[in-house]
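Build the full structure now, drawing on both the sequences and the hints.
The lines below spell out each chain.
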Amino acid sequence: MTEAIDLLIQTRFDAVANLADDGDWNDVLARARSAEPVDRTRSGPPLAYLRRRFTRVALIAAVVALALVVTAVAFGWPRTIIDFFTSPPAPRAIKNAIGIDNVGAPKGMNPRAIPGETRRIMTARFDDSGRHPDHPALHTLYVAPTRNGGFCYEWTNADGGCASAKNPETNAGLRATGPLGVTWSVTNGGYPLLVDGWVRTGATKTIEARFADGTTTTLPINWVSAPINAGFFVYPVPEEHQTRANALGSVVALDASGRVVGRQTFPLTKALDEDVMQTLPDGTKYSLPRSAIAARARKIISFRTTTGSRAYVWVMPRRGGGLCFLSNRMDGCPSAYWLARSPVFNGGVSGSTNPPLLFSGRAKPEVARIELRYQNGERERLTPIDGFVLTEIKPTHYARGKRLVAAVAFDRRGTAIFTQRYEPNTGGIYPCKKPTNRGYGLKMCP
Amino acid sequence: MNGGSLKNSQRPSLYLTVDDLAARIEQLYRERFVGFRNAVATVSGDHESARDAVQEGFARAYRSREQFRGEGSLEGWVWRIVFRAALEHRNEGAPVPLDQIEPNLVEPERDPALVEALAQLPSRRRLMVFLRYFADLDYATIAEACEVEEGTVAATLAQARAALATSLEREGVRS
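As they're listed, the protein sequences go chains H and A. Okay, so the first sequence: first residue is 1 according to the numbering used here, each after it adds one. Okay, so the second sequence: first residue is 447 according to the numbering used here, each after it adds one.
Hints were generated in silico from the structure; no laboratory data involved. Computed from a predicted structure; not experimentally measured. Careful: at least some of the hints might be erroneous.
[Said to hold, decoys possible] Some chain H residues near chain A, calculated using beta-carbon distances under 10 Å: (1) I5; (2) D14; (3) V276; (4) T279; (5) L280; (6) D282; (7) G283.
[Unchecked claim] Beta-carbon label-pair distances, calculated as ranges: (8) N157/H <-> A469/A: 33 to 43 Å; (9) A256/H <-> E595/A: 52 to 62 Å; (10) E534/A <-> L8/H: 47 to 57 Å; (11) S164/H <-> V594/A: 17 to 27 Å; (12) G516/A <-> R259/H: 38 to 48 Å.
Quick reminder that beta carbons are idealized off the backbone N, C-alpha and C, glycines included.
As structure tokens, then:
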């Protein structure tokens with residue numbers, strides 16, 4: 001009875017309703033942009049400058065973004081542009097993570113991100129069907145502009161990075177990828193597991209994942225307005241595409257006519273190079289390439305460091321020729337081809353804010369001796385064992401002015417045949433008692 | 447590498463939703479604009495000002511979407527913003543208590559009997575009727591929008607429905 005009355009009333013209301021749909025979402029967006037969002041997390045004079053600066057930029061950007069939206073409607077591309085300036089500010093932890101991109105960058109590689117302007121752009125949610133069990137379902141995208149016109153981004157539970165304002169096509173190293181920037185993680189078998197990245201606005205219409213079995217799938221692009229001017233994507237490769245026969249082979253950017261304008265390929269690991277769990281002669285288990293003959297492994301170096309931990313190097317033959325090695329600072333399985341083409345000596349220090357600091361390296365057979373040279377003039381001689389050296393950098397060499405500056409390789413006649421130099425003042429390598437605060441919550445030894 | 451694309455049903459799962467409030471607000475707008483405008487028109491007095499209020503309300507909701515905590519429905523939250531925009535529009539920014547709002551059909555000549563039936567209802571009950579039958583809001587959302595308990599909405603709408611049924615039945619007898 002109630003339903004009948006409800007239907008009767010609804011019919012009367014439907015009859016008098018104005019059915020004209022004169023809605024205009026672009027008008028809503030334009031009104032929304034007419035006032036700048038308030039970021040309550042910021043204060044203080046330095047940021048006040050930024051806010052003023054961005055108020056001006058925002059006005060320009062709003063016009064540009066509106067024009068883009070209108071263009072999108074007119075041409076059907078891109079489907080949706082997320083307005084950067086009306087996106088909510090990122091939480092402090094994310095702003096810090098972006099800030100660390102600046103202060104933690106190696107010398108000359110500071111992306112000059114503006115952490116305080118980091119915005120939460122969107123969240124991608126993936127359903128359970130086909131998703132790799134190791135993958136979380138949610139990935140939130142945060143993006144910050146940089147002072148040089150580029151951007152830094154971060155997908156939670158995934159990866160991130162920075163891009164300069166330079167057009168990649170002018171950079172020889174990036175020419176092959178065109179407008180694409182892609183990062184990815186791989187499974188033990190070397191198959192792409194989680195792919196994320198960006199594409200600059202321009203000719204690109206779609207991003208496509210191409211699999212080894214010839215199938216393809218289109219990846220959603222989240223276009224972000226000025227000052228970012230790029231689209232972002234994240235793609236957890238489904239579990240069913242983790243085999244040699246149907247693994248992800250490439251991600252391509254396509255223009256409106258379907259022409260490939262950018263490509264990132266994912267070379268498949270050769271079957272022999274796939275990691276599998278193997279057991280060394282002393283019973284310890286390691287994930288090693290299938291080509292490593294673990295049963296014939298030899299421990300050629302082993303000693304206890306000043307902290308009591310053990311340092312070691314194992315070597316073992318490689319199926320098909322070459323050599324596999326494993327230590328607590330390096331590992332590899334180069335074929336005979338690559339062994340022949342490796343440098344005379346390749347070594348370096350690997351450390352953290354905590355000791356011990358180890359120096360390890362691999363030398364060609366003609367090297368009889370390695371000499372470590374320090375800033376204070378001290379020298380230390382090492383004799384390669386089966387081509388390997390591993391030693392602890394003593395705490396007396398942690399301080400500036402006393403650090404390692406070079407490793408010199410000598411042949412049997414005592415002739416210096418190769419020198420590898422090291423930058424002694426790079427932060428974050430040598431342990432220290434009191435790490436200094438580099439900003440954004442990052443503490444690092446100088 | 448040049449094989450054909452998978453059919454949609456075979457595709458590896460991609461975004462189920464772009465869980466961005468902006469997208470949800472846009473979706474709400476695209477699906478419910480007409481209903482919202484018609485419901486607002488009963489308060490603002492005409493469809494043109496109602497349209498303006500809906501546009502302004504959605505713009506405010508879009509702009510301040512980070513303030514939506516997800517404690518109620520997005521629909522109810524947006525409606526409150528739209529409704530506030532409508533009242534500001536009508537009263538040039540002056541606050542109006544909910545009880546003093548007199549919602550009415552915009553074009554009474556189109557169904558005088560319905561107008562007469564609605565006129566028998568107290569204003570708040572009438573507003574709930576408009577939210578139910580124009581904006582198609584569910585009880586919970588109407589409760590949020592009118593800042594009352596859901597049970598109150600159910601009881602009020604039941605009474606309103608009965609009263610309307612009686613009035614419209616009388617109208618049916620007369621005709």
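Structure-based check of all given hints:
Interface hint at I5/H: satisfied, since its Cβ lies 5 Å from the closest Cβ of chain A, which is below the 10 Å cut-off. The interface hint given for D14/H holds, since its Cβ lies 8 Å from the closest Cβ of chain A, which is under the 10 Å cut-off. The closest approach between the C-beta of V276/H and any C-beta of chain A is roughly 26 Å, which is over the 10 Å cut-off, so the hint fails. Interface restraint check: T279/H against chain A, minimum CB-CB distance 36 Å, threshold 10 Å, status violated.
A distance limit of 10 Å between C-beta atoms decides the matter here; for L280/H the minimum to chain A is near 38 Å, and the interface restraint is violated. This hint is violated: D282/H has a C-beta 43 Å from the nearest C-beta of chain A, more than the 10 Å allowed. Among the interface hints, the one on G283/H is violated; its C-beta lies about 41 Å from the nearest C-beta in chain A, farther than the 10 Å criterion. The hint said 33 to 43 Å for the Cβ distance between N157/H and A469/A, and at roughly 20 Å that hint is violated.
The hinted range of 52 to 62 Å is satisfied by A256/H and E595/A, whose Cβ atoms lie roughly 54 Å apart. Checked against the hint of 47 to 57 Å, the C-beta distance between E534/A and L8/H comes to roughly 35 Å, which is inconsistent with it. A hinted range of 17 to 27 Å for the beta carbons of S164/H and V594/A is inconsistent with their spacing of about 56 Å. Separation of G516/A from R259/H is about 43 Å and conforms to the stated range, judged on CB atoms against 38 to 48 Å.
Comparing the model with each numbered hint stated earlier shows that hints 3, 4, 5, 6, 7, 8, 10, 11 do not hold.
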